[in-house]
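Those sequence lines, one after another, are chains R and P.
In this text, residue positions in the first sequence follow this note's numbering: the first is 1, and each later residue adds one.
In this text, residue positions in the second sequence follow this note's numbering: the first is 1, and each later residue adds one.
No lab work stands behind these hints: they were computed from the structure.
Given the structure is predicted, the values throughout are model-derived calculations rather than measurements.
Where a beta carbon is used, it is the ideal one built from N, C-alpha and C, also for glycine.
Please note that the accuracy of each hint is not assured.
Going by beta-carbon spacing under 7 Å, a handful of chain R positions derived as facing chain P [as the list claims (entries may be wrong)]:
#: 1; residue: Met40
#: 2; residue: Leu43
#: 3; residue: Phe65
#: 4; residue: Ala67
#: 5; residue: Phe106
#: 6; residue: Ser108
#: 7; residue: Gly109
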Amino acid sequence: DAGVIQSPRHEVTEMGQEVTLRCKPISGHNSLFWYRQTMMRGLELLIYFNNNVPIDDSGMPEDRFSAKMPNASFSTLKIQPSEPRDSAVYFCASSPLGQSYYGYTFGSGTRLTVV
Amino acid sequence: KNEVEQSPQNLTAQEGEFITINCSYSVGISALHWLQQHPGGGIVSLFMLSSGKKKHGRLIATINIQEKHSSLHITASHPRDSAVYICAVLDRDDKIIFGKGTRLHILP
Chain R
1 DAGVIQSPRH
11 EVTEMGQEVT
21 LRCKPISGHN
31 SLFWYRQTMM
41 RGLELLIYFN
51 NNVPIDDSGM
61 PEDRFSAKMP
71 NASFSTLKIQ
81 PSEPRDSAVY
91 FCASSPLGQS
101 YYGYTFGSGT
111 RLTVV
Chain P
1 KNEVEQSPQN
11 LTAQEGEFIT
21 INCSYSVGIS
31 ALHWLQQHPG
41 GGIVSLFMLS
51 SGKKKHGRLI
61 ATINIQEKHS
71 SLHITASHPR
81 DSAVYICAVL
91 DRDDKIIFGK
101 GTRLHILP
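So here's chain P without its partners, still in its complex pose (with noise of 0.2 Å):
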């Protein structure tokens, strides 16, 4: 069993209808990552987060250090949102865990 799971695996929208990507996790960790990579491939990161709630723009991401679980969520999609989005953990030695990514497609 993967340490980090995503979920859906793949997901398709319609553009301004309201995204959530999830992450689960089953190890402890100091923080977790939310990364964008787009389909020419460069990655970019979108939030660090150790608690609470962090928001730019249109992308809100949660974390819930208890649940051990994180989402990140889009409003009113584009289809610029169309990307792979990565969750990944830091565990407690600063290892770095990667979950498979979501592939997200949003329809004009």
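Just chain R, same shape as in the assembly (with noise of 0.2 Å):
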């Protein structure tokens, strides 16, 4: 198995730009995760679906952010307009089932830098 696969494996953009993060979890999983790492803010769960539906955004910080997940093998994390404290580490992680019942897999994770 190719584990979590995330594209991107860096990314420099303006500011203002449209940025598309992607990523493929694990054939079978029904859980994918995005999250973002800061040095200040550590790692922080932007949003997860379960069976392709979006269950928890609460983490999206703002409306500039926005994820779909059209199938069970492809998901993405779109910024539009993309803002230098966007930059960060997104990860992407997926698993079996909901969070509560089994660990996850991570993907390499998406190097952002907004200039």
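Using the hints, build the complex out of the two chains.
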């Protein structure tokens, strides 16, 4: 199994541009999570999906952030327009069921730099 | 005050030492995770606990639900154990709350 696959690994963009981060979960995993990691705030859960349905998006910082999961094998996190304070490492993780029951597998992350 | 507190924040030890990292939390939880983040940035889920103790190789994780405390132990530590160890709890609403992490450095 290739694990959770994220792309791109690094993204540098100018303020105001749209950024799309991609995630392919492990096949058969029903839950997918997007996290953001910064030095100041540590790891934060942004949103998670169960069976492609967004369950909790209360961690999404503002309307500039949106996430979709059109099918069981693909999810995107979009920032439009991007701002320098969005610079962080964004992790995607998947698990077989909801968070309560199993540990999960993280992707390698996307390091986003907004200049 | 953070709902999940880890100690110590930083730890440097000699190879072979027994390592303990602590995690205390103030909310009711359904589970607790220990994660390991390597210097390259990748994150690995080490354990998920809801009670008792789990062991995997040289790693041992314990949890005391009454005291709202968990510990991660590393026996016979090795330089390759150098990483940031993160405690995360799932509260009763299934929200995940992360600790700030403990940066461990094992000297050869």
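Hints and how they fare:
1. Met40: violated (10 Å)
2. Leu43: holds (4 Å)
3. Phe65: violated (18 Å)
4. Ala67: violated (16 Å)
5. Phe106: holds (4 Å)
6. Ser108: holds (5 Å)
7. Gly109: Hint on R:Gly109: holds, closest Cβ of chain P at ~6 Å, below 7 Å.
Hints 1, 3, 4 from the list above are not met by this structure, while the remaining hints are.
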